[in-house]
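Take these sequences, add in the hints, and give me the full structure.
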Amino acid sequence: MMELVRRPHAQNFVAFAAERPEVLVLSADLTSSCEANDFRDAYPERFFSMGLAEQNMIGFAAGLAREGFSPWVHTFAVFICRRAFDQVAMSVGYPNLPVRLVGFLPGITTPGGVTHQAIDDVGLMRLIPNMTVLECGDATEVESVVDVAHEIDGPVYVRMLRGEVPRLFDPADRLRLGRARVLSEGDDLTVLTSGICTEQGIRASAALAARGVSLRHLHVSTLKPFDDPIVRSALGSTRGTVITLENHSVIGGLGSAVAEALAESGTGVKLHRLGLRDVYSHGASREHLMREHGIDALGLVTAVEQALGARFDISAEELAAVEADPAGGPANPEAL
Amino acid sequence: MSQQRSDSATSAWADEARRVARSVRRRVLAHTLAHDGGYLSQACSSAEILAALYTRVMRLGPSQGPPVPPPFPGPPGPHNPDSFTGAAYNGPVAPDLDRFVFSPVHYALVLYSTLIEVGRLAPEAMDQYDRDGSTVELIGAEHSPGHEVTAGSLAQAISQAGGIALGRKLKGEPGRVWVFLSDGELQEGQTWEAITAAAYHGIDGLGVYVDANGQCCDGAMESVMEVEPMVERLASFGADAVEVDGHDVEALAAPATRPRQGQPLVVVARTDPCRGLELLRSRAPRLHYLRFTGTAERERYEQALSELEQEA
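So the sequences go chain by chain: A and B.
First residue of the first sequence? That's 1 in this note's numbering, and the numbers climb one at a time after it.
First residue of the second sequence? That's 337 in this note's numbering, and the numbers climb one at a time after it.
Heads up, some of the hints might be wrong.
Said to hold, decoys possible - Partial pick of chain B residues on the chain A-facing surface, computed with a CB cut under 10 Å:
| no. | residue |
| --- | --- |
| 1 | Q464 |
| 2 | T486 |
| 3 | A491 |
| 4 | A501 |
| 5 | E509 |
| 6 | P510 |
| 7 | A530 |
| 8 | H537 |
Read the hints as simulated data drawn from the structure, not as lab findings.
Where a beta carbon is used, it is the ideal one built from N, C-alpha and C, also for glycine.
This is how it looks when you write it as structure tokens:
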């Protein structure tokens, strides 16, 4: 049974900060939207409202980091990565400051339309030298990513989930820097998924396994640096196609990172990148947009069918049933 | 620093500040001649501001930097333990000491010259100016002498200084954070975000000196984007804003002694981009970077330099 955890970051971050007085939160008028309101209420002296002014907020975070604090910027991913890109690159990235950028609403997780949908954030942050890029795929990773980020000597971008977040991984099986999770082993092809697409990958691989497809499935949470020996080994030993599935543009994110790794290794296997195919999205439900962009379980099944030259007659209903969601359906579209 | 002092003591530091300013102008002119170009108008406008900051306003310990700067050690990063900033030239970091954040880093030549004149940098440092592999860069970087942050993307430094000042406030440190800003940076929205945030959070450890020389890269400010009335705008954004004659070192130093009352201090220093070098005025309104048009012009500037040297 798949557990849904409500607002996993909120209380977890309060606990994380309890014994770490250097941890501060900077927010740009999206405090409870970024689940930082519990922190604000618990430690008001360590919470700084910076207003709707992200460029300045990044600079303040840089200055605080130079003074030995651990500033955690909380806002929507688009406003960190697009609006304040130069500030992130110059005020934080160049000096390798331990600023933690927590970006909410990755990809099409919001019905807020193109202005709120971070479809390019992973690519933008991967471009910045010294930046570590982490993405959460479930509630366990939301809870453990802060400890991982805290230990990194330099800036970290966290692609964060909020609201009702499924727990795919045991709470004790925490996120590890530079270590993918091997969710299934197989010989026919290799699938790498990240973020919310991992749940889709689990559903697809279960249905495909029932039809005899031997599929290796990796969940990737460290998008930069991309030097994970588990990923390298999986790519190097793949005989068939490699498929990537991500809630992001196919340019700049997981698919690009895998393409770069494959090309540089000289492996020469075919790569099929599933993601937003160099298009903007629009305001609609997560379920609708995942189907529209083909980044759901059915999209992955179709890609596997193409790779293997086979048809498995798997329906959307069957894939939904695999989810075994105790809440009886997908999470409500998240309001702003 | 005591605010009570005798007239003779006051004039002693002011005389020294004026000497530093004159020497900075002369040094930058000589350098511009030797290198066939330079940011000369910036020296003319800001010499007294930087001189007042280094001789009077800022409470700094002795330079910790080597008199001749080391070469570029590579960019900061987790695998480069050798990287450094140029802040060592502004003295040690201590709770009661001030910090300096230099924002318009194309003024680097003026800052290097000031550091030399106040004894924080050896004159030989300028042999490395704009040389490949050197930290004495044409456009200052955070590893350049006297620089502490990455600032060349204008208006980013004031936010970083605001963060440093907030951090120091949280730690209860009495030392202040001084920013040297150019007036063109008031065209950037981030500057106003920073002033607003510093005022909102009561960060009165932040002090800003603006070189209001009325010049931009394209020409006069009013022909690029008007930001007047500067003082009124700054005050309305929450700053303790004051306007002074930017060539009067005593007037420049005075606002720094005002009591801190929960607001960032912004001193708008009205300056003349041709101050002390009338010859430059014929170049107006394009004063951003001086490149000699030919031998005749060059000789006129050589003549001006020898006149300045005779005055000294």
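Structure-based check of each hint:
1. Q464: Violated: closest Cβ of chain A sits about 21 Å from Q464 of chain B, beyond 10 Å.
2. T486: 5 Å, holds
3. A491: 8 Å, holds
4. A501: 7 Å, holds
5. E509: 9 Å, holds
6. P510: 14 Å, violated
7. A530: 5 Å, holds
8. H537: 7 Å, holds
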